[in-house]
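Asker: Sequence:
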Amino acid sequence: MKIIKRFIQNLIRIFFMLLTLIRQCLRNKSDIKLGFLVEEFFHEDLRGFGGFGMLVKYITDHFNPKRGMFGADVLLTFPVDCDQPQKKRYHHANVILKPKVNKNYVANYLRYSNLIFQTRINAFISIDYYGSYDYPLSVFPHMPLMIWHQDPRDEQEWVQIITVSLEVKFLSKFKTFDYNRFMNNQRTSVEKMLDDSKRLNRKIYFVSQANQLNAMAERLYGISNTNPTFLPNPIQSIGVQHQHFSQKPSFLLLGRLDPIKRPWIYFELAKRFKEYDFYVAGSTHYQEEMDRVIANYQNIPNLKFLGRIMSEQKDQILNSIWAVINTSIHEALPVSFLEAFAYGKLVISCRNPDNLVNRFGFYTGEILGEGTDQVSMGKFETAVKKLVSKDFDKETRGLAARQYVLETHTFENYEKIVREVLTNKKSYL
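Every position in the sequence shown, counted from 1, becomes a number in my numbering once 1300 is added.
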């Protein structure tokens, strides 16, 4: 039975490969349609509200309504509760859904292949690389693939992450979770993908949202000399033309309120600086665990929980605060940093991707564990005091941050680099 399935699957591949080749011959060569391989897409039906989903949403919201020669659709690779592959519309993008139930395999493979073909994509781009990407890639084995380093976690990163006891407690709920096994699975998936791509002549390109991620990704995947191209994350809202700051110092924690983010450090800061406002924007994926943590801080007058904010509300808060504070044990280069910079605001953080926090804010230095001991809290307190000091020119530093985003993290720059990679750069394979 397996042999028959494999034979029919290969026939389906050949059929759509021929159709794709015909389409490529007829299409305008400047027309680029990306197919994002990602496990979330910023919606409660599509695995929640993480940074990866927000990033892809920014891209589809910007390019697709223009109906120009550059666009993107989404292949959600994490299986969902449905009997057969489906195409739905979210955030101006077609989203191809893969069923969780593994039945009617051949029929579903044919339907899935056809849905992807209908989107007219001519290049895949993946957010990092996971085994769930193998299935859609198998449908069109000759289509080029860009692997976009967003948050590759090597052993060094995992060793730091597990110093946070509540994060370990959460991970322990997944009885089979072991970070070494998780990394090995990623490495095995990459090895298989590269072997298949070499055999089938698929072009592979590596791109990265931050230069510091390149060596980390190579260690994780067990490969070398990938020569990634810097592909900065584009930012949707560039903010207002003139800086504005609230009358009294105010700060923002922007993002998921999950254990890995250690929001309790920020809450403790609010207790120590009662004369300043501390806003919290975001929700948690782990309601039961984090609600107990948050309950201990609900009665602090200057600590204000806003929930998840979007559009005008986010614009208003970013336009008025003095700085974004990030307390995570682990970050790559979060979108929240770039959003703060876009509004001419600084970042206080214990993570310093590509030295941007040193340039446009205050880097506290590495802080492991819970982060609420006196030494760790003292580092954050010192940073806050320096930022609010009359001797510190937050305006000039903030304008430099804004200029960096205006020059680097634009959609025009994003499209230019993607086109350059796909048309002129020598592929890894």
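What the hints contain is simulated information worked out from the structure, not anything from laboratory work.
Treat each hint with caution, since some may be false.
Stated by the list, open to error - Using C-beta positions, here's what the derived DEER-type ranges look like:
#1 C1382 - Q1536: 18 to 24 Å
#2 D1434 - K1388: 35 to 41 Å
#3 L1606 - T1710: 24 to 30 Å
#4 Q1418 - N1525: 35 to 41 Å
#5 N1484 - R1572: 38 to 44 Å
#6 N1525 - R1572: 45 to 51 Å
#7 N1484 - P1601: 46 to 52 Å
#8 R1487 - F1315: 19 to 25 Å
From the three backbone atoms N, C-alpha and C, an ideal C-beta is built for every residue, glycine too.
Asker: For a quick check of understanding: which of the numbered hints are violated here, in increasing order?
Answerer: Result: hints 1, 2 and 8 break, sorted rising.
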